[in-house]
Amino acid sequence: MTATAENRAAAVAPADPMVPRPFRIVRRQRELSDTFTMELTAEDGQPFDFRPGQFNMLYAFGAGVSAISISGEKSSGRLLHTVRAVGTVTDRLQALRKGDVVGLRGPFGRPWPVDRARRRDVLIIAGGIGLAPLRPAIHHVLANRGDYGRVLILYGARTPDDILFPKDLKAWRSRFDVFVDVTVDRAAPGWAGKIGVVPDLIERAAFSAEDATAMVCGPEVMMLFTVRALLRAGMAEEDVYVSMERNMKCAVGFCGHCQFGGRFVCKDGPVFAYTDIAHHMTVREL
Amino acid sequence: MPPPDTPVVPSPTPTPALRLDAGRLPHLLAVLTADGRELIGPVVSGGAIVYGPITGADDLPKGLVDDQAPGRYRLVAGESGTYFDHVATANSWKTFLFPPEQKICDIAHADGALTVTAPPVDAPARAFIGVRACDLRAMGILGKVFDNGDFADPAYAARRRNALIVAVNCGRAGGTCFCTSMGTGPKADGGYDLALTEVPAGGDGAPAYFTLVAGSDAGRRILDRLDLNRATAAEVETAAARVAACADSMGREMIADAAEMLGDNLDSPHWQTVAERCLNCANCTMACPTCFCSTVEDVTDLTGDNAERWRKWDSCFTLDHSYMHGGSLRRSGAARYRQWITHKLAHWHDQFGTSGCTGCGRCITWCPVGIDITEEARAVRDRAAGT
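Chains A and F are the protein sequences, given in the same order. Residue 286, in this note's numbering, is where the first sequence stops; the numbers in between run on with no holes. Residue 1387, in this note's numbering, is where the second sequence stops; the numbers in between run on with no holes.
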């Protein structure tokens, strides 16, 4: 091949996975004082498919990119992201309104094991905003309720005011085929529910430990103690899944930022079988 | 599941060696240039030999060699007047295959819409002159990083595809080289289009020459245009003996069990010992031919309506590298050095089925305080054995 022909070949190279597509905010809803949900649709009209537990890289014009889990909802075809404003990019995203446009790349990452969990008891265990990446898994399990054994949703928040998706929790709790338990670290006047940490809820939950799949998402320390409680309750490490979080610039394994030992959280995770990362969960500053 | 360890370059059957008189090296370069290729090769810049654009053999650092040691680099006159008896250059080929800064896209904000425009892929036809075995290995490794089975970087692939590789088998070991112990050199065993072995002029007045083999069809077609004679068995043997002597004279080596041993010693007290010397300057990661970390920066113009997204080299030695809401994950220098060396020597195997180290020695030479990756790996092992 001549050099010129090689240049022509390069010009029709496949699309760069680092280039975002524009998506418009068609609905925006405040969830908590620092947390909101955006519904997005692609400006190019292409449908967007994803699996529960996957995330997108959302771009705020002029600010940068942040990895945000998809918080719903596949059944209605709506693409939702629930964001907590904790930095430059997420602050900028919070300032956007219905009709504004963001950049999006995705979906990325390995999903929750909703297929592997079929015919087994399912424990969905979340802390704080960790309920957002799990909501698509809850939707999936409830939409296919007959495929699963007992379904338990265990959720913890700092205070009653920090409880995410309270309407959803109430709706799930009102079903007779789902067990929902919620606890808070610190109560407030009017709180009649439980006070304590998430792992405490596991001791009081009824499930078949040897025939259950657990999906856990929350702060790393919460996940660590939750997994220990699940193992104490008799579950096997390979039946417990956690969703990890690390700095990400690319989400496709190129940038090196999200390494967790020998794994890239972006493409080997964010959902991991606990057995695959157990030996690294207690290493400080990894 | 981590992939099994696999070779990163194919091992072609090279053609029989031809003889190229040293005085005809310009002719070889002229043939490459005639094809419209930009030549990139070793040149002296800023008191060091670096890879950069060259116009012909006159730009090569003929007669110069590099005196390399931990934290030290000096150019000195060599004894044999050769073109290629210097060793690892200050920069590496990643500068050309994975540029330090590359634009991802322009984004314009107007009338409530975002318009995203990706620039055309910049992948000029080039010939890389003087690629060493360690750096060939590094290209194979970067090829796996940027085509990882899930995602591929089209720009990297195009730049690599458009580069013709003229390898040089090393005839001299540098002071920080350890390719023999990494199994990556000093002889190129594949992944090149052409490979040269340089033999200096003999004391008996025998003129200097190269033996030259092709490792690809593109290389074979170039050989066809050079009108060269087969090298004699004695010439081939002399050239091979020089490379073998280079391998035998390498004074530094990586311990054989670095991968497993480092992965098992994430809590070693030695990380703190290294951290007391490490300046967190990131030189090792910039000089390394396989370190691939990058960040992305958004640059807006004064109107605020136009942004450019730039992908730039980054380093795990910065605090920003592990920043998550609220702070950096790897706050201590000990954790950052551990991240670098365990990634390079241990976790790289889990990710890409190969070590991330090629034994080129650049990180040792260009460390301002002379931290030596081979010594540190050994020290972690010795401390683990002693406790």
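There's no promise every hint is true.
[Said to hold, decoys possible] Part of the chain F face toward chain A, derived, beta carbon under 10 angstroms:
#, residue
1, T1013
2, A1155
3, S1328
What the hints contain is simulated information worked out from the structure, not anything from laboratory work. Here a beta-carbon is modelled for each residue, glycine too, at the ideal position from N, C-alpha and C.
Taking the hints in turn, this is what the structure says about them:
A hinted interface residue such as F:T1013 counts as satisfied when its beta carbon comes closer than 10 angstroms to some beta carbon of chain A; here the least separation is about 22 angstroms, so the hint is violated. Using the Cβ-Cβ criterion of 10 angstroms, the hint placing F:A1155 at the interface with chain A is satisfied: the shortest such distance is roughly 7 angstroms. Nearest Cβ of chain A to the Cβ of F:S1328: about 9 angstroms, under the 10 angstroms cut. The hint holds.
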